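Number of protein chains: 2
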Amino acid sequence: MTLHAFSDAEQAAVYRAIFERRDMRHFSGGSVPDEQLQRLLQAAHLAPSVGLMQPWRFIRVRSQPLRQRLHDAVEQERMATAKALDEREDEFMKLKVQGILQAAEVLVVAMTPGREQHIFGRRTLPEMDLASAACAIQNMWLAARAEGLGLGWVSMFCPEALARLMHMPEGSQPIAILCLGPVDAFYDQPMLQAEKWASRAALADMVFEDFWGQASGA
Amino acid sequence: MTLHAFSDAEQAAVYRAIFERRDMRHFSGGSVPDEQLQRLLQAAHLAPSVGLMQPWRFIRVRSQPLRQRLHDAVEQERMATAKALDEREDEFMKLKVQGILQAAEVLVVAMTPGREQHIFGRRTLPEMDLASAACAIQNMWLAARAEGLGLGWVSMFCPEALARLMHMPEGSQPIAILCLGPVDAFYDQPMLQAEKWASRAALADMVFEDFWGQASGA
Numbered sequence: 001m002t003l004h005a006f007s008d009a010e011q012a013a014v015y016r017a018i019f020e021r022r023d024m025r026h027f028s029g030g031s032v033p034d035e036q037l038q039r040l041l042q043a044a045h046l047a048p049s050v051g052l053m054q055p056w057r058f059i060r061v062r063s064q065p066l067r068q069r070l071h072d073a074v075e076q077e078r079m080a081t082a083k084a085l086d087e088r089e090d091e092f093m094k095l096k097v098q099g100i101l102q103a104a105e106v107l108v109v110a111m112t113p114g115r116e117q118h119i120f121g122r123r124t125l126p127e128m129d130l131a132s133a134a135c136a137i138q139n140m141w142l143a144a145r146a147e148g149l150g151l152g153w154v155s156m157f158c159p160e161a162l163a164r165l166m167h168m169p170e171g172s173q174p175i176a177i178l179c180l181g182p183v184d185a186f187y188d189q190p191m192l193q194a195e196k197w198a199s200r201a202a203l204a205d206m207v208f209e210d211f212w213g214q215a216s217g218a
Numbered sequence: 001m002t003l004h005a006f007s008d009a010e011q012a013a014v015y016r017a018i019f020e021r022r023d024m025r026h027f028s029g030g031s032v033p034d035e036q037l038q039r040l041l042q043a044a045h046l047a048p049s050v051g052l053m054q055p056w057r058f059i060r061v062r063s064q065p066l067r068q069r070l071h072d073a074v075e076q077e078r079m080a081t082a083k084a085l086d087e088r089e090d091e092f093m094k095l096k097v098q099g100i101l102q103a104a105e106v107l108v109v110a111m112t113p114g115r116e117q118h119i120f121g122r123r124t125l126p127e128m129d130l131a132s133a134a135c136a137i138q139n140m141w142l143a144a145r146a147e148g149l150g151l152g153w154v155s156m157f158c159p160e161a162l163a164r165l166m167h168m169p170e171g172s173q174p175i176a177i178l179c180l181g182p183v184d185a186f187y188d189q190p191m192l193q194a195e196k197w198a199s200r201a202a203l204a205d206m207v208f209e210d211f212w213g214q215a216s217g218a
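Protein chains in written order, with our numbering: chain A, 1 to 218; chain B, 1 to 218.
If you are wondering where the hints come from, they were derived from the structure by calculation, not from laboratory data. Since we're looking at a predicted model, the values are computed, not measured. Positions of the beta carbon are idealized from the N, C-alpha and C atoms, including for glycine. This list has only true hints and no planted wrong ones.
EDC-like, lysine to aspartate or glutamate: derived pairs with alpha carbons at most 20 Å apart:
no., chain 1, residue 1, chain 2, residue 2
1, A, K96, A, E75
2, A, K83, B, E116
3, B, K196, B, E89
4, B, K83, A, E116
5, A, K94, A, E75
Quick look at which bits of chain B chain A covers, simulated, 3 or more residues with Cβ under 8 Å:
no., region
6, 81 to 89
7, 184 to 195
Extracted from the complex, chain A is given alone in its bound form (with noise of 0.2 Å):
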């Protein structure tokens, strides 16, 4: 066993919560404790961020009013969304694509403004800040999913629109709609490969060795 390794049932139950975690979209309403939300923002501020920037705010939507704006939003660019795919369009009008009306909680996620005088790691790649924002969110994912919470991540809003309705400060940046809370079941596999949207790729395809498509033995 490796130095500083945790115990083999420790290990299973990180791998599974990875293998376990998925992008949930149906609730069951419910609720959230007050230390329970306390503890998965905490596991979200935990994340890595880049030169320790921070990027990340999460405002909890507690107004019923807001949570309908929100949820009236997401609508609005589904349909934009579905006219932009074309071919696919009735396909992906079948799809759920969130769940706001029926989460115990909804979050949104934004970047705070200010962001461009942080300069470490990110002077060619300021993009990075989203980076460290997604991880926080994964923890939060992964976190939830252990206590037995679902957490789905929406990202189908103009972000102008959404920056409006929360009152957001210029140079602030929305990135996420968190709906969270209890559910009924959780996907046996991705809810858009049970759908035929897409399917998983197989890893082998996903890893080169040295070069780009050069395939590893790994």
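Starting from the known structure of chain A, arrange chain B on it as the hints suggest.
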């Protein structure tokens, strides 16, 4: 206990991985067995992706001369970053930013060409492909921590130069040089905090309610 929740011990293991994961730059050489590397890549590949597009590709660097060239490319960008940081240049130059020559394994993570055809969840937010790839890296990071291996995400490079080094096709984009392998010790706090480059913000300052800037009770 919530329906679908992992056992307390399993939940604790998931949170332990989240708490103890570090962005590592100090490695102790050694090696990563092929089957272990395969598990970590599988963990990455099980990440969520917008529209199930799976934009990530992993290039395992086996060639020593290629690894040296990656190291040199990062060194070059380190100098450019130092100059751009102006009054923090000296402080920055004391920081270790990568462990490319010491890590057991080096992987380049890149996004595949042809991503523009994926519109699902990306019509207004095309950068969601990067968010998905970051979730994949976070999965690998947590799995590696559980297995006792350190991982560091280096984003200090010129993406065009790195793409050339790795023979990447037009339209692909490198987003990370990952250093992976055994470490003597995991940092007990983020290295950039220990070195007083930056410090963790309080979670309460990261969370709002309903509108940006409105304090949350959660």
